[in-house]
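Novice: Protein chains in written order, with my numbering: chain E, 1 to 295; chain C, 1 to 295; chain G, 1 to 295; chain D, 1 to 295; chain Z, 1 to 295; chain U, 1 to 295.
No lab work stands behind these hints: they were computed from the structure. Note that the coordinates shown come from a computational prediction; the quantities given were computed from them, not determined experimentally. Careful: at least some of the hints might be erroneous.
[Unchecked claim] With a cut-off of at most 25 Å between alpha-carbon atoms, the simulated DSS-like pairs for lysine-lysine come out as follows:
#1 E/Lys-28 with E/Lys-172
#2 U/Lys-172 with Z/Lys-81
#3 U/Lys-224 with D/Lys-172
#4 D/Lys-172 with G/Lys-81
#5 G/Lys-172 with C/Lys-172
#6 E/Lys-172 with C/Lys-45
#7 U/Lys-172 with U/Lys-81
#8 Z/Lys-172 with D/Lys-172
[What the hints assert, rightly or not] Label pairs and their calculated CB-CB ranges:
#9 D/Gly-27 with G/Leu-221: 55 to 63 Å
#10 Z/Asp-163 with D/Gly-27: 25 to 33 Å
#11 E/Leu-227 with Z/Asp-163: 39 to 47 Å
[What the hints assert, rightly or not] A short, non-exhaustive set of chain E residues, derived as facing chain U with CB atoms under 7 Å:
#12 Ala-16
#13 Leu-19
#14 Ile-22
#15 Arg-23
#16 Leu-54
#17 Leu-57
#18 Val-91
#19 Ser-94
#20 Leu-283
The beta-carbon is built from N, C-alpha and C at its ideal position, and this holds for glycine as well.
Number of protein chains: 6
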Amino acid sequence: MTEPILQAGQKAALLAEALPYIRRFHGKTVVVKYGGNAMTDESLKRGFAHDVVLLKLVGINVVVVHGGGPQIEELLSRVGKKGEFIQGMRVTDSETMDIVEMVLAGKVNKEIVELINHAGGKAVGLTGQDGGLIRASKLMINSTDLPDQLLDIGHVGQIEQVDPDIVYSLLKSGFIPVIAPIGSGNQGETYNINADLVAGKIAEILKAEKLVLMTNTPGVLDRKGQLITGLTAKEVDTLFADGTLSGGMLPKISSALDAAKAGVHSVHIIDGRVPNSLLLEILTAEGVGTMIRSH
Amino acid sequence: MTEPILQAGQKAALLAEALPYIRRFHGKTVVVKYGGNAMTDESLKRGFAHDVVLLKLVGINVVVVHGGGPQIEELLSRVGKKGEFIQGMRVTDSETMDIVEMVLAGKVNKEIVELINHAGGKAVGLTGQDGGLIRASKLMINSTDLPDQLLDIGHVGQIEQVDPDIVYSLLKSGFIPVIAPIGSGNQGETYNINADLVAGKIAEILKAEKLVLMTNTPGVLDRKGQLITGLTAKEVDTLFADGTLSGGMLPKISSALDAAKAGVHSVHIIDGRVPNSLLLEILTAEGVGTMIRSH
Amino acid sequence: MTEPILQAGQKAALLAEALPYIRRFHGKTVVVKYGGNAMTDESLKRGFAHDVVLLKLVGINVVVVHGGGPQIEELLSRVGKKGEFIQGMRVTDSETMDIVEMVLAGKVNKEIVELINHAGGKAVGLTGQDGGLIRASKLMINSTDLPDQLLDIGHVGQIEQVDPDIVYSLLKSGFIPVIAPIGSGNQGETYNINADLVAGKIAEILKAEKLVLMTNTPGVLDRKGQLITGLTAKEVDTLFADGTLSGGMLPKISSALDAAKAGVHSVHIIDGRVPNSLLLEILTAEGVGTMIRSH
Amino acid sequence: MTEPILQAGQKAALLAEALPYIRRFHGKTVVVKYGGNAMTDESLKRGFAHDVVLLKLVGINVVVVHGGGPQIEELLSRVGKKGEFIQGMRVTDSETMDIVEMVLAGKVNKEIVELINHAGGKAVGLTGQDGGLIRASKLMINSTDLPDQLLDIGHVGQIEQVDPDIVYSLLKSGFIPVIAPIGSGNQGETYNINADLVAGKIAEILKAEKLVLMTNTPGVLDRKGQLITGLTAKEVDTLFADGTLSGGMLPKISSALDAAKAGVHSVHIIDGRVPNSLLLEILTAEGVGTMIRSH
Amino acid sequence: MTEPILQAGQKAALLAEALPYIRRFHGKTVVVKYGGNAMTDESLKRGFAHDVVLLKLVGINVVVVHGGGPQIEELLSRVGKKGEFIQGMRVTDSETMDIVEMVLAGKVNKEIVELINHAGGKAVGLTGQDGGLIRASKLMINSTDLPDQLLDIGHVGQIEQVDPDIVYSLLKSGFIPVIAPIGSGNQGETYNINADLVAGKIAEILKAEKLVLMTNTPGVLDRKGQLITGLTAKEVDTLFADGTLSGGMLPKISSALDAAKAGVHSVHIIDGRVPNSLLLEILTAEGVGTMIRSH
Amino acid sequence: MTEPILQAGQKAALLAEALPYIRRFHGKTVVVKYGGNAMTDESLKRGFAHDVVLLKLVGINVVVVHGGGPQIEELLSRVGKKGEFIQGMRVTDSETMDIVEMVLAGKVNKEIVELINHAGGKAVGLTGQDGGLIRASKLMINSTDLPDQLLDIGHVGQIEQVDPDIVYSLLKSGFIPVIAPIGSGNQGETYNINADLVAGKIAEILKAEKLVLMTNTPGVLDRKGQLITGLTAKEVDTLFADGTLSGGMLPKISSALDAAKAGVHSVHIIDGRVPNSLLLEILTAEGVGTMIRSH
């Protein structure tokens with residue numbers, strides 16, 4: 001009988017280790033940008049859903065924001081449309097936007113809702129249209145060829161205003177909001193918005209304690225490929241300046257920085273490929289990935 | 001100046017005529033099955049959205065349930081799938097179900113939400129997955145050829161259980177729930193459910209005062225093609241028996257009858273092609289279409 | 001069948017026209033000074049009561065303030081007292097004040113309460129004494145003969161303080177407060193106060209959206225007898241200066257102006273002889289009478 | 001210094017004596033029928049108002065119901081109407097009813113409201129019309145001359161229904177309801193109702209702990225003129241039977257008995273001529289008058 | 001019958017006299033330092049408990065703070081420890097502190113709770129540890145012999161912080177908090193704190209209307225031994241300066257003055273040997289003892 | 001970096017394992033009888049406090065009931081009293097009861113409160129006197145020598161009634177009630193009650209989900225000394241009958257059985273010597289000790 005009791009003792013000790021973290025985040029809001037492998041690998045998906053439900057049960061208000069690039073690509077190709085990208089952003093004509101909406105709101109969003117509900121939570125899917133959550137406008141981008149010229153890439157949007165009423169209302173009733181990054185324009189037209197930006201803005205408006213961005217890398221790496229575990233705004237500026245940061249990580253860090261500066265206590269870029277990385281990040285001493293703070 | 005004032009007087013008189021109806025339905029719940037032309041004609045669409053917002057403002061808890069047949073057909077044909085129907089029900093393999101969900105939850109539902117919000121309401125779109133609203137199971141249908149044999153037509157579902165928490169929560173916070181007829185099975189699989197049935201069941205669970213089914217006919221017609229303005233359960237049985245009722249009206253009336261028997265005070269099959277038919281039905285003495293009561 | 005449906009369509013369109021107004025005033029407070037013909041003509045009375053109940057049902061907090069000149073005159077003459085007036089104000093000895101109170105609080109107020117309740121509302125009558133609503137003091141008026149001399153005209157009062165608790169409490173419970181313009185002095189004595197002034201002050205204290213003064217004229221008329229539909233504070237000053245405004249309209253406009261300056265969004269002097277004029281003013285595009293705003 | 005302290009000690013002891021009574025009635029409802037001398041003598045009036053406010057402050061929900069016979073008589077005579085009585089009830093034509101309403105609702109009711117407010121309470125006057133409190137119908141009385149013939153004595157009413165919402169709403173907000181015994185008929189006509197009956201019915205509907213009827217006698221007297229301090233329903237029946245009870249006391253006791261049987265814990269007929277009799281009855285061991293219980 | 005009624009009349013008059021005081025203190029908070037004879041004499045104890053319950057029932061939030069010197073002395077002597085005092089404060093080693101806690105929290109506190117409950121209240125005993133009410137630190141005192149040297153007298157504490165949540169929570173639920181003057185240090189160690197200081201600080205934090213310190217003297221006496229009934233901060237300074245105040249009264253007055261300056265409306269040093277002195281002080285015109293105000 | 005991440009992964013997996021348990025017990029009440037070694041060993045004490053706070057944070061309403069035998073013994077011997085026991089129960093004269101109360105309420109209870117607060121909770125100590133929680137009467141026991149003779153062993157009590165108001169009030173405000181097993185008699189006298197019985201009765205009254213009794217044994221052992229992990233009421237009866245159960249375990253099991261029969265879902269007798277045994281029992285698959293259910 002000794003053996004199993006010892007094991008049990010270890011379990012209890014590990015649970016007990018979570019106490020100070022639960023205490024600190026109890027009643028606080030955590031916004032999670034869900035994406036990458038964690039959204040495609042079956043085992044990681046289930047792990048994510050369990051993490052979300054557990055965080056909810058220990059008193060944390062979890063809000064999930066998701067993207068959906070690969071799934072969009074798939075349907076586009078099925079209906080015979082080829083994606084065109086300018087500066088990493090998809091040129092989105094009305095037909096493409098229809099596909100984007102259907103995939104994000106009708107497929108990806110509902111799968112996440114189902115996943116969380118299956119794990120015992122009560123998730124409710126939203127887009128920026130529901131309850132007037134996100135008002136957006138067309139994002140014009142600077143031409144890299146012709147200075148001072150703006151390019152119209154269609155239904156790609158930027159956030160104008162967030163009305164968090166529906167999110168508060170759901171949180172108050174114990175639901176877990178799952179948000180697809182679609183905004184609604186003044187004329188009822190819709191816009192596809194970068195999910196990292198949506199997560200950052202929602203975190204800011206909700207005065208979230210944490211913003212967690214799940215990626216497919218271990219976090220921010222230095223020039224030697226080593227993980228940087230913590231960064232201040234100032235240090236980020238240096239890394240931008242010396243070219244350490246580049247590629248897909250650029251917008252992610254920029255969005256993280258904005259949220260941190262706007263009052264979100266800490267922003268984390270974590271490795272979604274690590275099982276239960278969300279739980280690890282929030283409830284244990286083992287940080288995963290890179291933490292960014294304003295100072 | 002006399003002329004406009006006279007006009008004004010008429011307007012006021014008409015507004016005043018609505019008083020007893022507003023009084024009677026204030027604080028009550030009305031479930032509306034939205035479909036047909038009212039969902040495709042631009043002017044009728046706007047009229048419907050205005051009606052919903054006005055009913056909400058005069059204190060009625062409006063819940064919208066919608067279908068989406070034509071839009072589904074369109075996307076299916078774009079991805080090269082041909083619809084197959086057995087006994088009027090679409091055979092729905094997994095691939096088709098994906099399309100159904102994307103169209104209903106990602107396109108039709110969001111358009112209605114946007115429409116209502118543009119008219120000044122605060123709509124929130126739901127499917128049966130959100131908040132665990134509708135639990136469903138596979139509907140097996142009787143073969144017409146081989147008695148006692150059940151046919152499997154895929155992801156076509158029947159309602160097992162309704163958990164109205166999310167609907168109550170939204171109504172309490174002043175939102176207008178807009179529900180796509182998709183249910184969630186025990187294994188996380190999804191089902192396409194007849195929207196009339198969903199509307200009827202939701203009305204029943206919410207103890208609604210009224211269930212309004214919007215169609216493309218003037219209502220229930222007798223053998224001479226004349227509109228029947230009122231029917232009791234008993235009279236419906238007679239019409240079934242003598243073959244007056246047939247075709248697409250059959251399931252609609254059956255669903256209306258179930259709701260009426262389960263306690264919904266009155267069920268109305270109204271002509272969605274008449275502008276503002278919803279308002280007319282609820283707030284004026286002019287009934288539109290056929291009213292069905294249990295007795 | 002065509003004919004009635006067409007009529008119905010018109011009705012619905014008219015109802016729908018009210019939507020933006022209902023939306024704008026939902027949850028707001030409207031104070032109505034009720035008086036003149038609208039208070040004596042049987043048909044206008046019923047129309048007024050219906051209007052009040054309908055406004056209440058569409059979510060507007062209606063507060064009614066009333067006068068009662070003619071009815072007071074009648075009882076005074078029955079008990080053999082002759083009314084004496086100085087500068088348009090009734091000289092009010094204690095015996096007269098008793099009659100004034102009995103008529104206003106015991107007869108006129110209760111008739112209005114009954115009228116509204118009969119139309120389906122839940123009205124509750126108040127005077128300034130109930131719940132300590134209006135504290136008043138004696139109004140001394142300047143002699144027109146002897147400068148610097150003040151005349152005592154008895155129990156005619158001016159408002160010292162308003163404690164709106166009882167009004168808020170009734171509104172919160174869904175009742176419609178109906179207020180007789182009587183104030184209570186420091187020694188428990190009572191004062192008759194001009195009903196327009198009471199309505200204006202109550203509107204100001206309640207931060208009302210609208211103050212509506214019902215009269216027996218089409219509104220403010222210019223020198224040619226034409227209705228002026230809109231006036232700013234500045235324009236009113238000009239009209240005062242050039243003598244366009246005079247007679248009974250003077251105190252009414254003065255009171256309207258005070259309310260507008262104190263934050264009531266708009267004040268309306270409307271023609272109570274037009275049926276349902278209250279509804280017309282608030283819920284349709286047809287303004288009736290003159291609107292006064294601070295700028 | 002000894003002397004005043006001794007006095008003080010006595011005071012404190014007397015206050016302390018009230019403790020068990022305050023404890024017992026805290027949060028309970030007491031309905032008081034206010035009338036007779038206590039309503040005309042200046043010093044008794046002030047004493048009554050102080051008692052009511054003190055009871056309110058120690059946590060008792062006080063509801064006052066009042067009559068007003070003498071004041072009605074006075075105005076009737078001033079307008080030249082002579083009161084006619086059948087079986088002790090005033091024959092009340094419409095003109096008389098107008099006078100009754102004006103006196104009760106416009107004069108007596110407001111005086112009591114003012115009196116209580118002056119003592120530091122927050123009273124609100126009501127008639128049975130306010131908030132639809134009392135629905136009444138015409139009381140037909142049996143002719144003493146012709147058996148089986150009913151006499152119509154005009155606007156004298158009996159209670160059909162009580163809707164206590166407005167009373168609960170006022171009590172909940174800390175106000176003291178003061179009720180004039182006027183009921184409202186189906187056609188909007190009004191009825192004068194015996195105040196003892198109104199008090200009894202209100203006590204019953206509110207499930208009051210106590211009903212206190214203030215009179216101008218020491219209470220119920222036996223044949224020798226001695227005060228009877230307590231009576232059960234059974235004992236009352238005996239007194240009725242042997243003719244001990246008669247005259248004006250009859251309806252009072254009958255009303256008391258009805259209330260007691262309907263669940264009011266105790267009914268008290270007390271001597272309103274004794275200063276602070278209300279306080280004495282409720283907060284001290286010194287009962288005043290006669291207590292009636294169901295058994 | 002005349003005789004008892006007369007007596008009753010006097011009682012009622014005395015009760016009525018309390019009205020203005022009840023009105024003034026209704027809903028306000030009164031902190032009482034309970035100690036001295038009032039805590040040892042059986043009859044005074046019962047009187048105190050009745051006073052507390054009566055004050056609670058008339059709507060006053062009573063909070064009791066108590067000391068316990070004599071009882072501590074008794075147990076210390078039983079376990080063979082001799083009390084040592086420096087500058088009037090008990091030198092408190094850990095063993096002594098254990099005794100102090102056991103007596104204050106386990107004996108004296110519970111006796112007061114029981115006493116109040118027996119009188120019909122619902123008291124709940126607390127120490128500064130419960131709900132983290134009082135955080136304290138070690139009080140170092142100045143040596144009288146060696147200037148600039150601080151003496152360590154063990155577990156005698158000073159208040160660092162008060163977290164009134166538990167007190168508010170109990171008051172809101174209708175309970176009467178009874179507080180033993182023990183504070184909790186950063187390392188979980190406990191401190192004995194002067195009960196007058198605790199009462200003063202609690203009164204300040206709760207923004208109490210009154211602080212009442214019960215003593216064994218008639219109040220503050222002047223040089224001729226006459227009671228001073230009222231003192232301002234300035235007058236207290238004079239009395240300090242001229243040496244009128246001295247001995248045990250010094251810290252009491254100092255604490256009273258601090259509370260008065262920090263916003264407690266009035267502080268009273270009253271004679272606990274007078275029966276029901278608490279009631280007398282709060283609910284009658286007979287002040288007992290000395291009242292101290294900031295100005 | 002691989003190594004720590006692997007460790008982290010294990011941690012996360014273990015945390016995730018707690019999910020179903022947290023889900024099941026969220027919002028439920030767990031009563032813990034705290035005693036034995038877990039109350040004396042410093043490390044076990046801290047572990048217990050951490051467990052309680054963690055359970056509270058994951059949404060479980062924890063109520064602690066404690067004993068205190070050894071500490072009582074110690075003080076008794078210091079004051080020169082020798083404990084006398086009859087049938088395992090301490091003969092408790094008034095002087096002894098004083099000691100018992102001081103130790104339980106003034107020392108043990110406050111230490112537990114401090115311990116939990118130090119771990120980040122907000123504990124509040126209670127005895128059965130606070131808020132009238134436990135009403136008790138004297139327990140008379142049967143003489144083993146003389147049949148039919150009852151022995152009086154002083155202030156040893158049995159529970160007559162539990163008024164859980166104070167416990168509900170504290171739980172609702174987020175506090176953790178810590179209860180000393182002292183009850184209050186009709187005359188204000190106090191009784192020492194067996195802590196297992198108090199825990200069982202409190203669990204029953206609160207309709208607790210679980211009752212956990214912490215002991216110094218691995219649980220219930222069979223005749224060969226092997227742990228029995230689960231028992232039904234029926235099986236307990238058999239063990240009683242065949243003499244397997246005896247000694248100190250008898251009353252514990254009897255109390256467990258009563259609670260189980262009265263509706264507590266499961267009762268656990270666990271080994272308090274195992275670190276974090278409380279957490280293990282409630283949040284992991286590793287049961288510790290013996291579970292008793294009604295069937």
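Novice: All hints, please: hold or fail.
Specialist: Comparing the hints with the structure gives:
1. E/Lys-28 with E/Lys-172: Within the cut-off at roughly 12 Å; holds.
2. U/Lys-172 with Z/Lys-81: With Cα atoms ~43 Å apart, U/Lys-172 and Z/Lys-81 exceed 25 Å; violated.
3. U/Lys-224 with D/Lys-172: violated, 67 Å
4. D/Lys-172 with G/Lys-81: Since the Cα atoms of D/Lys-172 and G/Lys-81 sit roughly 43 Å apart, the hinted pair is violated (cutoff 25 Å).
5. G/Lys-172 with C/Lys-172: It holds: about 17 Å lies between the C-alpha atoms, which stays within 25 Å.
6. E/Lys-172 with C/Lys-45: Judged against 25 Å, a Cα distance of about 33 Å means the pair is violated.
7. U/Lys-172 with U/Lys-81: violated, 42 Å
8. Z/Lys-172 with D/Lys-172: holds, 17 Å
9. D/Gly-27 with G/Leu-221: 55 to 63 Å: holds, 60 Å
10. Z/Asp-163 with D/Gly-27: 25 to 33 Å: holds, 31 Å
11. E/Leu-227 with Z/Asp-163: 39 to 47 Å: holds, 41 Å
12. Ala-16: Hint holds; E/Ala-16 Cβ to chain U Cβ min 5 Å, cut 7 Å.
13. Leu-19: With a closest approach of 5 Å, the E/Leu-19 hint holds.
14. Ile-22: It holds, given that the least Cβ distance between E/Ile-22 and chain U is near 5 Å, below 7 Å.
15. Arg-23: holds, 5 Å
16. Leu-54: Constraint on E/Leu-54 satisfied, holds at 5 Å.
17. Leu-57: holds, 5 Å
18. Val-91: For E/Val-91, the interface hint is violated, since the closest Cβ of chain U sits about 39 Å away, which is over 7 Å.
19. Ser-94: With a closest approach of 43 Å, the E/Ser-94 hint is violated.
20. Leu-283: Interface hint status for E/Leu-283: holds (6 Å vs cutoff 7 Å).
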